[in-house]
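Chains as they are written, first to last, in our numbering: chain A, 1 to 362; chain B, 1001 to 1362; chain C, 2001 to 2362; chain D, 3001 to 3362.
Do not rely on the hints blindly, as some may be mistaken.
[Unchecked claim] Lysine-lysine pairs mimicking BS3-like chemistry, simulated, CA-CA at most 27 Å apart:
# : chain 1 : residue 1 : chain 2 : residue 2
1 : B       : Lys1085   : B       : Lys1170
2 : C       : Lys2035   : A       : Lys202
3 : A       : Lys325    : A       : Lys202
4 : B       : Lys1325   : D       : Lys3085
5 : B       : Lys1202   : D       : Lys3170
6 : C       : Lys2170   : A       : Lys298
These are computed hints drawn from the structure, not numbers from a lab.
Number of protein chains: 4
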Amino acid sequence: MAGTSKAGVFVGAGKPLEVQEFPIPEVAPGSALIKMEMAAVCGTDVHATHNPSAPHPIIFGHENIGVIADLGSELKYDVLGRPLKEGDRAIFRPAPCGRCYNCTIGNMCRVRPTYGLIPADKPPYIQGGFSQYLYLGDDPWVVRVPDEMSTERALMAVIGNHTVMNGIDKIGGISVGETVVVQGSGPIGMGALNQAKVMGAKRVIVIGAPADRLQLAEEMGADDTVSILEYETPEARIERIMELTDGNGPEVVIECSGAGSAVQEGLSMIRFGGRYLVVGQLTDYGDRPINPSLITRKAVLLSGVVGSTYKYILRSMEAMNSVVKAPVEKLITHHFPLAEINEAFESHENLEAMVAVMRPNL
Amino acid sequence: MAGTSKAGVFVGAGKPLEVQEFPIPEVAPGSALIKMEMAAVCGTDVHATHNPSAPHPIIFGHENIGVIADLGSELKYDVLGRPLKEGDRAIFRPAPCGRCYNCTIGNMCRVRPTYGLIPADKPPYIQGGFSQYLYLGDDPWVVRVPDEMSTERALMAVIGNHTVMNGIDKIGGISVGETVVVQGSGPIGMGALNQAKVMGAKRVIVIGAPADRLQLAEEMGADDTVSILEYETPEARIERIMELTDGNGPEVVIECSGAGSAVQEGLSMIRFGGRYLVVGQLTDYGDRPINPSLITRKAVLLSGVVGSTYKYILRSMEAMNSVVKAPVEKLITHHFPLAEINEAFESHENLEAMVAVMRPNL
Amino acid sequence: MAGTSKAGVFVGAGKPLEVQEFPIPEVAPGSALIKMEMAAVCGTDVHATHNPSAPHPIIFGHENIGVIADLGSELKYDVLGRPLKEGDRAIFRPAPCGRCYNCTIGNMCRVRPTYGLIPADKPPYIQGGFSQYLYLGDDPWVVRVPDEMSTERALMAVIGNHTVMNGIDKIGGISVGETVVVQGSGPIGMGALNQAKVMGAKRVIVIGAPADRLQLAEEMGADDTVSILEYETPEARIERIMELTDGNGPEVVIECSGAGSAVQEGLSMIRFGGRYLVVGQLTDYGDRPINPSLITRKAVLLSGVVGSTYKYILRSMEAMNSVVKAPVEKLITHHFPLAEINEAFESHENLEAMVAVMRPNL
Amino acid sequence: MAGTSKAGVFVGAGKPLEVQEFPIPEVAPGSALIKMEMAAVCGTDVHATHNPSAPHPIIFGHENIGVIADLGSELKYDVLGRPLKEGDRAIFRPAPCGRCYNCTIGNMCRVRPTYGLIPADKPPYIQGGFSQYLYLGDDPWVVRVPDEMSTERALMAVIGNHTVMNGIDKIGGISVGETVVVQGSGPIGMGALNQAKVMGAKRVIVIGAPADRLQLAEEMGADDTVSILEYETPEARIERIMELTDGNGPEVVIECSGAGSAVQEGLSMIRFGGRYLVVGQLTDYGDRPINPSLITRKAVLLSGVVGSTYKYILRSMEAMNSVVKAPVEKLITHHFPLAEINEAFESHENLEAMVAVMRPNL
């Protein structure tokens, strides 16, 4: 399995991503080489391309699925104990270190960076998804993709859904019969919608734009949608949500938009005693006007979440394979070969694509 | 038990409270007449005296303890099944209605107002604690105060502690060995300090002022205090808390100050994955600059709480009687007869008193 | 609304139930008179007919739905705040007392017996469902049945489902993608099956008999069934469940059979770290051989549950109306007029009926 | 650091343990060599000496504390990020694999056996605590023992306490003011007693024997003790517990005795809605008569627990260092040099020792 792998490389803010060629390393006994199928373009990557202090060179691509091209002799089983062999499709992460404080208390390991965030300036170089081949390194965490599951569906399991599942657990789950408002109609919002439905929500209302995203939300199972182009102000949206919920407001709100006014808006519409999951405020845009008395007086339970432990990746794979019936494959709207990596990033940035995937071996 | 009862009455914003005389009603079979021992002056009452739209006339006083002066024939047992008799000290609330949505899902009943919030312009008139006698009405919720428990201690159980206990449950409890920061050194902050200690916190740090309150905090068991007079800015306090916590920040923060900048400050100092209880932001002072990305990026679990179901009153009584060893009686710093009700309110407002109590039969 | 109401009365163990006639009381302001539509025959009632120490006379029938025939002037709203009027269909319970220890800590009230368990030897007499009219008494807890919901569906919401929901909450819910085994194919087992499915279980396997019940389970959505007539021993059933679960056993088991060997069998098949809800062991049949080391070594979380607070009745109604898609109406297999009340009990006892309902006004 | 290490070796059931000499391996970069201070004799080891199918040779000793004698160049920090150096006292475990199902869902890793359970017939040989030196192997999980903490106290943190903490979390914690019964007065029972006290239990009652163990329990803080020599039957003990709890029974029971009748006894005395942690039934002694209707009718939440994730080791260390005030050092009643390892095992087996420790370098 000698040879080289082409990969799309981030070489610094403000510069186009470059396709470069890297040597493929020998596969160590506890490792494997993956021939990439699909890697999603994520907002985090796009943000990095505008951030002068973002480290480089890096091969991005942290939401990945590929085929085992070369399997080390000691990497015999996936996390569920199923035997691994060359030709299997897999999703994968670096195993957590197991020795740090976060590993110990059950948080996401912050010692070992995930594939797609590892500098590409030293061996084994190819550790991001926007590459023909990806090298897993020692003793990785691997889930074999069941044969009956499409590649697209498996990929969607690791886009947003696991993070949302982690977060929903933090706010005590969703109870059968509850009403849920999702703020945001991008990939994370779609994950929130799908998870809320399979947990037994009575009704899920998605707030977002543009029209084609709201239509996709309806195809996924949204009971109602509220367009921010039609209801332009927070006040108008709050009033609309109240109309749709008998004046009570929703028991659960999930913020997936990242919009500056979203948290205040969510707190204003949520029912007394409601639960509010804030996934979308990952990027630091500074202070916002928020009325903290809403939290106390409405006795709101509120949680942030960033990433997830691998438990939720496993659970998300299971959910997507056997419980979620929505046609989530449709959320992957754009496919790009390596040579068009800059076009791929652009399709994400201008909201043209819901999910854009790189297919490095296309 | 005919006769009359003097009571301090709120007759409208901006006017002094007045001592008036009311007829004492006949005691119905499921009711009782209480001869008041102590009723605390609460910030809610003080706020009302400045609120032009606050309803009146009202006999305030919702944190109460008194003696059963006349017991209806059908009110035989307290909530723990202990027999009631005249001469028993008791704490008491109206029984929840049991029929509304909040009662049904386990929230505090909002149909039946608690004693101290009931208009005094119609029979039975005397349903607030700032009165010589208080009439319980039909089938009230009553806890007999154990003989070995001082009146002051029992009263402290229903000041802040039960609300804080309810809130701490909402954020998943405090685990043995955790570090807790309490923002605010008033009665609620002292309740948070006491509860955190008996739940096994390793260290409780109280942020507040003035010096005598911080000294009281230390007498209650605070491991460290941070004076806002010494550390005047949020930045200085955050830095101080980091010094005191090996640079990690606390696992738990409890906001009991009501200060405008407190929530942002708490979110800034809390440890990754921390839990934040916001008790103190009951009054609506409008929007504040808060950075919502702190919630997402630090994966904070945050909860408001307002009042509590009676479960926590029962638990707070039990805790104060048998588990909390701190000298909480000392927190009652001022006692006033009915005639000095306006002085009592003033002692609360100018922060001279930690807890001021009315003793209507003094 | 004067007149009389015929009712089926339990007059003592070993004697046939008798149809008797009772005077209909005047409706007090906070009460209502219900014209009964359907009341289910429950195993508890059937057991009582064989119990020499069961109190009598009693009009049984505690799973009820009826129409408001006469509404007191002060009973204006249901628990969700919806206005009530004569002609509305409703489900109903006595309001909890709100004053006892169980009410206070959030358990089911044990002070006020539910309709169907109240002696019929004094006014208002008619407080069980096997009666043409049922008198609610003061300030009852009422849920209006939505117009779009069939009477059968609403009745099924209060048969088993609410108790199972309460229990599932106690074991920490069911997570999306989990495998659930339900022991027992009677009405409670069907409730467990339905709830597990809408909470996102990947797969629900029902163990039971006879064949027509297992077929009903499949119509409700069971992914697999295991007949105890085909797999006659616990060992055979455990082996079969292991085959169906890749040798892991289920994450969750729900015991709804009441069979003597069921708990040991469930503990034997459950996965390491699994959760086990024991609903079915309400009747005391004495000691059973159970290996307690299964609990420790497999780190099983196990819970009993008996009845439920009204929160779960509300939630069950909501779930049945808007989330559960299974044709639960089919579970009501037999309808009887009052005159055939003894035949109704017989149809329950000989397992001919899945759910038998009395229709007192038929 | 060349040389040899003497160790006590289990060479098969029915044979005395033997002191043998092993070569000390070179320390790899990510590893360390520990000079043992104390290793506790655990019931698990004693059981193994009677079990003909127990694997051997093994150097037992899995509850350990020692001094870092030789530190690999890459093992720089402990789990809390504190720098490690030679001469530091430490507790330690193999890092979890991070790749298996149990690691992924947050259970204890079952792939990597802990020190004290690793065969001694191949390099690096010395991986149990009953040895002068213990070799940690690659990238172990290490906690530095704070200087102010005694060696005895640190050792006690990893005897029982962490498992009990894990288990108490599973039953929803202990709430301030609750009454707890601990069944068993051995080391695990003492851990349960200590943890219950620091979590705010109002009262902890220990059931056990003989008298000196019950006296130790009282020194640790037990509010009451019940001797099984005085109250010889389950019935007598249940009656005694009812007397001590106003006829209600305890809210929480923790089974740490392993006695055959204990679970039935605990279920019989527990309060309605109580929580029952079963730690002590690790050894399989076969079926016992247990009445499952107690679980359903009393709505008991019950959990087993076996071992714990390392989170609870960390938390237990913290608790023992800063929250638990009981003189837990006294629980270590016997110290033995390597040459007396068989006497050490005997002192455990005949209940003469509460905790017996090996001090291999004495």
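Pair hint B/Lys1085 and B/Lys1170, alpha-carbon separation not exceeding 27 Å: It is violated: about 36 Å lies between the C-alpha atoms, which goes past 27 Å.
Could you grab the alpha-carbon distance between A/Lys325 and A/Lys202 and see if it respects the 27 Å cut-off? The hint holds at about 16 Å.
Given the hinted pair C/Lys2035 and A/Lys202, is their Cα-Cα distance within 27 Å? violated (30 Å)
Going straight from one Cα to the other, do C/Lys2170 and A/Lys298 come out at no more than 27 Å? holds (25 Å)
Does the alpha-carbon distance linking B/Lys1202 and D/Lys3170 stay inside the 27 Å limit? The given pair, whose Cα atoms are some 22 Å apart, holds under the 27 Å limit.
Has the given pair, B/Lys1325 with D/Lys3085, been kept, meaning a C-alpha gap of at most 27 Å? violated (41 Å)
Consistency with the previously given hints fails for numbers 1, 2 and 4, ordered from lowest to highest.
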